[in-house]
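Peer 1: Spelled out, the chains give:
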Amino acid sequence: DAGVTQSPTHLIKTRGQQVTLRCSPKSGHDTVSWYQQALGQGPQFIFQYYEEEERQRGNFPDRFSGHQFPNYSSELNVNALLLGDSALYLCASSLEVGRGYTFGSGTRLTVV
Amino acid sequence: GESVGLHLPTLSVQEGDNSIINCAYSNSASDYFIWYKQESGKGPQFIIDIRSNMDKRQGQRVTVLLNKTVKHLSLQIAATQPGDSAVYFCAEGGNAGGTSYGKLTFGQGTILTVHP
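Sequence order for the protein chains is D and C.
In terms of our numbering, the first sequence is residues 1 to 112.
In terms of our numbering, the second sequence is residues 1001 to 1116.
It should be emphasised that the hints constitute simulated quantities derived from the structure, not laboratory data.
Mixed in with the good hints, there may be bad ones.
[To be verified] On the chain C side, residues computed to face chain D include the following (Cβ under 8 Å):
| hint | residue |
| --- | --- |
| 1 | L1008 |
| 2 | Y1025 |
| 3 | A1029 |
| 4 | K1042 |
| 5 | P1044 |
| 6 | F1046 |
| 7 | F1089 |
| 8 | G1102 |
| 9 | K1103 |
| 10 | F1106 |
| 11 | G1107 |
| 12 | Q1108 |
Ideal placement from N, C-alpha and C gives every residue a C-beta, glycine not left out.
Work out the full structure: start from the sequences and follow the hints.
Peer 2: Okay, here's the thing in structure tokens:
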């Protein structure tokens, strides 16, 4: 049973560019959340998707957007990249909102 | 591997010792708490969770204690092994029906190093 799968594992982008990160949830899970983890810090909640809609959003600018597809997979898009967007981006899935989150290994984004 | 936790609290123990990692949380309305283990280059791995109607829960070699009066969580690891070396995070899961429900708020993390 595959866990949460994220792609790509590493990515290098230039300031001002746009990036799309992808997540496939654990089999049977229908809720997907995205987190940003800067070096030396705990993960910070970006947003959560359920039934293809954004249900909760953390304190992140509109440059961060997402999407959930009918098969429950999700994308995180970041526009106009800043150096400060360099971080590990984590996807977590769960069977129900608020409980039992399983995390992927993340995508390491470096903005230069 | 990545150098995580340059500014995180650290705990160093000998193999076989018991470890206690502490965490303070901020939202008194939170009714769900989780401990995660994160190894270098990996995502957080679920260890154990507890709901606010309990003050103690045990798993395999791990125990979580919840003190709602002082908003404090602890994770106890029995007979700590070198493979337990990692960064440990506590997280609040909000409360059902509340505005924070569905998002995890993580603490700062503690680096645990187990010496053979």
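Peer 1: Each hint needs a verdict: does it hold in this structure or not?
Peer 2: Structure-based check of each hint:
The criterion of a C-beta within 8 Å of any C-beta in chain D is met by L1008 of chain C, whose closest approach is roughly 6 Å, and the hint holds. A hinted interface residue such as Y1025 of chain C counts as satisfied when its beta carbon comes closer than 8 Å to some beta carbon of chain D; here the least separation is about 12 Å, so the hint is violated. With a least beta-carbon distance of about 13 Å to chain D, the hint placing A1029 of chain C at the interface is violated under the 8 Å criterion. With a least beta-carbon distance of about 5 Å to chain D, the hint placing K1042 of chain C at the interface is held under the 8 Å criterion.
Interface hint at P1044 of chain C: satisfied, since its Cβ lies 5 Å from the closest Cβ of chain D, which is below the 8 Å cut-off. With a cut of 8 Å, the hint placing F1046 of chain C at the interface with chain D holds, because the nearest CB-to-CB distance is about 7 Å. Interface restraint check for F1089 of chain C: the shortest CB-CB distance to chain D comes to about 5 Å, inside 8 Å, so the restraint holds. Residue-level restraint check for G1102 of chain C holds (minimum Cβ-Cβ distance to chain D is 4 Å; threshold 8 Å).
Annotation: K1103 of chain C was flagged as interfacial toward chain D, and the flag holds, the nearest CB pair being 4 Å apart, inside 8 Å. Given hint, F1106 of chain C at the interface with chain D, holds; its Cβ is 3 Å from that chain's nearest Cβ, closer than 8 Å. Given hint, G1107 of chain C at the interface with chain D, holds; its Cβ is 6 Å from that chain's nearest Cβ, closer than 8 Å. Interface hint at Q1108 of chain C: satisfied, since its Cβ lies 6 Å from the closest Cβ of chain D, which is below the 8 Å cut-off.
In this structure, the hints that do not hold are numbers 2 and 3, in rising order.
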